[in-house]
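**Student:** Sequence:
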Amino acid sequence: MRDALERPLRFVTEHNVVVLLVMLLATAGVVAGIGQLQTQSQANASSAVGDTEVAQKLDYIQTNYGGHDDESENATAVSPAPVYVRSDGGNVLSKSALLDSLRFQRTALENESVAASLGDREPVGVANLIAMRAAGTSDATIDEQIAALESTDESEVESLVAETLTEGSQAQALLPGDYETGTATAESQRLLFRFESADAGESAAETRTAATAALYEIAQDREDPEYFTTGEHAIAESNANYSQQTTELIVPVALLAILAVLAFSYRDLVDVIVGFTGVVLSVLWMFGILGWMQIPAGMTMIIGPVLIVGLSVDYGLHVFMRYREERGEAEGIREPMFRGLSSVAVALGLVTVTAAVGFMSNATNEFTVIRQLAIGITLGVVSTFVISLTLVPALKVTVDGLLERVGFDRRKRALGKTRLLEPFLSSGARLAKRAAPVVIVLALVAGSAGAVAWTDLDRQSVQQTDEPIAEWKQDLPGPLGWDTHESEEQSRYVDERYRAASEDDRRRSQVLLEGDVTSPEALAAVQTVRDSAAEQDAIFQRDGSVPAVSPLSVMQSVAAADQEFAQVYRDADTDGDGVPDRNVAEVYDALYGAAPEQASRVIERTDGVSGSEATGGSSGSEQSERTGGEYRSLRVIVPISDAATYTAQGDAMQAVAGSVDADGVSAIAVGAGTLNEAELSQTADSIMTTLVIALAAVGVLLTVVYRLATGSASLGAVTVVPITLVLALVVGGMYLLDVPLTFLTALLLSLVIGLGIDYNIHVSDRFAQEIERGQTVTGALRTAVTGTGGALLGSTLTSVGAFSALLLHPHPQIQSFGTLVVLALSLSFVVAVFVLPSLLLTWANHGSVDAVRRESASRDAPMAQD
Numbered sequence: 039m040r041d042a043l044e045r046p047l048r049f050v051t052e053h054n055v056v057v058l059l060v061m062l063l064a065t066a067g068v069v070a071g072i073g074q075l076q077t078q079s080q081a082n083a084s085s086a087v088g089d090t091e092v093a094q095k096l097d098y099i100q101t102n103y104g105g106h107d108d109e110s111e112n113a114t115a116v117s118p119a120p121v122y123v124r125s126d127g128g129n130v131l132s133k134s135a136l137l138d139s140l141r142f143q144r145t146a147l148e149n150e151s152v153a154a155s156l157g158d159r160e161p162v163g164v165a166n167l168i169a170m171r172a173a174g175t176s177d178a179t180i181d182e183q184i185a186a187l188e189s190t191d192e193s194e195v196e197s198l199v200a201e202t203l204t205e206g207s208q209a210q211a212l213l214p215g216d217y218e219t220g221t222a223t224a225e226s227q228r229l230l231f232r233f234e235s236a237d238a239g240e241s242a243a244e245t246r247t248a249a250t251a252a253l254y255e256i257a258q259d260r261e262d263p264e265y266f267t268t269g270e271h272a273i274a275e276s277n278a279n280y281s282q283q284t285t286e287l288i289v290p291v292a293l294l295a296i297l298a299v300l301a302f303s304y305r306d307l308v309d310v311i312v313g314f315t316g317v318v319l320s321v322l323w324m325f326g327i328l329g330w331m332q333i334p335a336g337m338t339m340i341i342g343p344v345l346i347v348g349l350s351v352d353y354g355l356h357v358f359m360r361y362r363e364e365r366g367e368a369e370g371i372r373e374p375m376f377r378g379l380s381s382v383a384v385a386l387g388l389v390t391v392t393a394a395v396g397f398m399s400n401a402t403n404e405f406t407v408i409r410q411l412a413i414g415i416t417l418g419v420v421s422t423f424v425i426s427l428t429l430v431p432a433l434k435v436t437v438d439g440l441l442e443r444v445g446f447d448r449r450k451r452a453l454g455k456t457r458l459l460e461p462f463l464s465s466g467a468r469l470a471k472r473a474a475p476v477v478i479v480l481a482l483v484a485g486s487a488g489a490v491a492w493t494d495l496d497r498q499s500v501q502q503t504d505e506p507i508a509e510w511k512q513d514l515p516g517p518l519g520w521d522t523h524e525s526e527e528q529s530r531y532v533d534e535r536y537r538a539a540s541e542d543d544r545r546r547s548q549v550l551l552e553g554d555v556t557s558p559e560a561l562a563a564v565q566t567v568r569d570s571a572a573e574q575d576a577i578f579q580r581d582g583s584v585p586a587v588s589p590l591s592v593m594q595s596v597a598a599a600d601q602e603f604a605q606v607y608r609d610a611d612t613d614g615d616g617v618p619d620r621n622v623a624e625v626y627d628a629l630y631g632a633a634p635e636q637a638s639r640v641i642e643r644t645d646g647v648s649g650s651e652a653t654g655g656s657s658g659s660e661q662s663e664r665t666g667g668e669y670r671s672l673r674v675i676v677p678i679s680d681a682a683t684y685t686a687q688g689d690a691m692q693a694v695a696g697s698v699d700a701d702g703v704s705a706i707a708v709g710a711g712t713l714n715e716a717e718l719s720q721t722a723d724s725i726m727t728t729l730v731i732a733l734a735a736v737g738v739l740l741t742v743v744y745r746l747a748t749g750s751a752s753l754g755a756v757t758v759v760p761i762t763l764v765l766a767l768v769v770g771g772m773y774l775l776d777v778p779l780t781f782l783t784a785l786l787l788s789l790v791i792g793l794g795i796d797y798n799i800h801v802s803d804r805f806a807q808e809i810e811r812g813q814t815v816t817g818a819l820r821t822a823v824t825g826t827g828g829a830l831l832g833s834t835l836t837s838v839g840a841f842s843a844l845l846l847h848p849h850p851q852i853q854s855f856g857t858l859v860v861l862a863l864s865l866s867f868v869v870a871v872f873v874l875p876s877l878l879l880t881w882a883n884h885g886s887v888d889a890v891r892r893e894s895a896s897r898d899a900p901m902a903q904d
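Each residue of the sequence shown is one higher than the one before, counting from 39 in our numbering.
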């Protein structure tokens, strides 16, 4: 590697202007690819979850129950798009407010997209129901409704409101939960536009999107009373505001931290500008190459800049600090820069290769977005390496040369060689000399404790928060202040006061029971599921009970309408508790005979006969015997509370399924919450596999490289050990700081190797170089931790300062993101400067140094003969 890099590096330092021109042209070409960048991955992050047991059971349910589910084509052909009307301190049930609601509908119906998606369906609202009463017909058009209501006086309107909004009336679903029946006063109401469902095809989806966009725009134009929607367009507007707020709050603080630490590290404005130029270009190159290669950026948009900025700052500091170390009092610029580049290039090359191996180990991951992230980060690392060894030193040579011609002295001391920092950094070498075994033992104990914490990490799909944003963040001056978008408050208002727009829209989860489902224990398990569901806050209840759909609820419903089945049902229930405890298979047969469509929703029969074909004069028993039917599973459909998060409903449904303890019958919860839990568990397992693969690959690579480069394979193995230690300590830090394992933090954890390997390679490589130059072991350690350690300190402080700015963000997911990066970088520095020296000293005391010196002598001998 040294031989391969020597000629190009010499060219960079001697022909710096040519290199600058070539690299600027190359940058223009690469950056042009950003215009073709795909910001969103076409693959969903949860696409790999099909391998989990929960997802397999979901497929099973869709295959065997799908044709009879509530979410069949007929049920989803129409999907309501709600519009909310709110009057703070006013009354949306007054005559004027009801008329305003009707006029809003008329304006909406004049829009072509709205009319096309509605078809022949009319909007539904309290105003419509009252105006129809006033008109004396339910067929009244919008104009007729408006005319009828205009001709009705205020007292009559109040009477019509009372007649319409009676106890138990379906119209009350259009009003908030705190509405008092019998009154003519309400703070808000809901209008329903029953648009064609997006599931009906691509054309229908486009028409519905255009219609909901029109509703959103029309609602925005109304202020008193307030009209708003909470659908995709409001969410998109909120997300755009969220991104803008994040940028305006975080970026200035992060940039200020980066520039402040770079100023401290370089202590020179020119070097800060040159180094920061390399940082920016590295990030641009990464996205430009992704654009040209048509690789979706996906998660790389979030995580990519984080890692590349950190690595680029680190690379630049090593180049600049080594140049400062190499430049003597009477020397020019080019030769010291060449020696500095030659000295640091191998370490940077090893960091690039090993980091790429660590990142590309994610290519084995089952998640498409993680594989794309691995490619994106690897391209960023390679871009950083190229720019740091070409454009940055060429720009440095050019600028310093120009400044020295006009009388400015560009000689600067390296950061680690200053009077204040040298004693601090050299303490790692002194500690190794005095108590290396103690340091190693303590590090291993701490690492082991961290590794044990892996199983105790809080696991969440996505961190959520209901806490209000701190007032001081809202009170910051100018663009720094955090302004909550109105749609966020509107969405909370709806969640707190309204139920789902329709029962078909209510979120559901399911419990699948398999095994001996014709035994009395199976139906007892169904009853257990219903009882347990009533104890969970995340489960929706109506009038104190859970309106679950189950074999028992279907039996009771059919028995109320079919006397023949009712007799079979009663005969099988010997204790009268509503749960058949004998002849269960015969009850199923009779249920299929009486109501095959309803039975097939909750009881799987594998006789190959559809519900419609199973009807006829034959009894259910005869039908089952004739077809040789077999009952294989039961299903309970459980409604979920609108306010329940995925984590809450997952925990609740796991508790419901876990309450089943019946011989020969198993139960598993299947729904959005349990799918998320399964995805998170799979992510954790996948990340663990990735970590093992990455550590093994990096270990083998470094062992081989150090054997070829220094004559000692064991030096490569020693360099890998601290990476494992950093990983374990990061996990322990997550446990102590209550940082949960989410999809995002799991991704970052898998990339810690790419961060940790950087620091350790630089120290080990510098140590080996100093040994080759003839220094003693302790002298080489001191030089490594003060010279190279200074660059590492500057890199750490810069990145930690930048990502600490994320802790200002109000969302806990972003805070965890920042915390994890800060942990990884800080611990990597501490381990590299204060633990790795003890490992290197122990390695040296076992005779391995002689192999390094022999290898160095064998390389120098031919050169001496020449």
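Quick caveat, the hints were computed from the structure, so don't treat them as lab data.
Any given hint could turn out to be false.
[Stated by the list, open to error] Quick list of simulated restraints, FRET-style, between CB atoms:
hint, residue 1, residue 2, range
1, Ala243, Ser595, 33 to 39 Å
2, Glu244, Glu182, 28 to 34 Å
3, Val483, Pro585, 54 to 60 Å
4, Ala489, Gly127, 57 to 63 Å
5, Gln282, Thr65, 45 to 51 Å
6, Asp494, Arg811, 30 to 36 Å
7, Glu182, Arg260, 53 to 59 Å
All C-beta atoms in this analysis are idealised placements derived from N, C-alpha and C, irrespective of residue type, glycine included.
**Student:** Evaluate each hint against the coordinates.
**Tutor:** To see whether the hints hold, each was checked on the structure:
As the Cβ distance of alanine 243 to serine 595 is approximately 35 Å, the hint placing it in 33 to 39 Å holds. The supplied range of 28 to 34 Å is met by glutamate 244 and glutamate 182, whose beta-carbon atoms lie about 32 Å from each other. Against the hinted window of 54 to 60 Å, the Cβ-Cβ separation of valine 483 and proline 585 comes to about 55 Å, which satisfies the hint. Between alanine 489 and glycine 127 the beta carbons are some 58 Å apart, a value that agrees with the proposed interval 57 to 63 Å.
Between glutamine 282 and threonine 65 the Cβ separation comes to about 28 Å, which falls outside the hinted range of 45 to 51 Å. The supplied range of 30 to 36 Å is broken by aspartate 494 and arginine 811, whose beta-carbon atoms lie about 47 Å from each other. With their beta carbons about 23 Å apart, glutamate 182 and arginine 260 fall outside the hinted range of 53 to 59 Å.
Of the numbered hints given earlier, the model fails hints 5, 6 and 7; all others are met.
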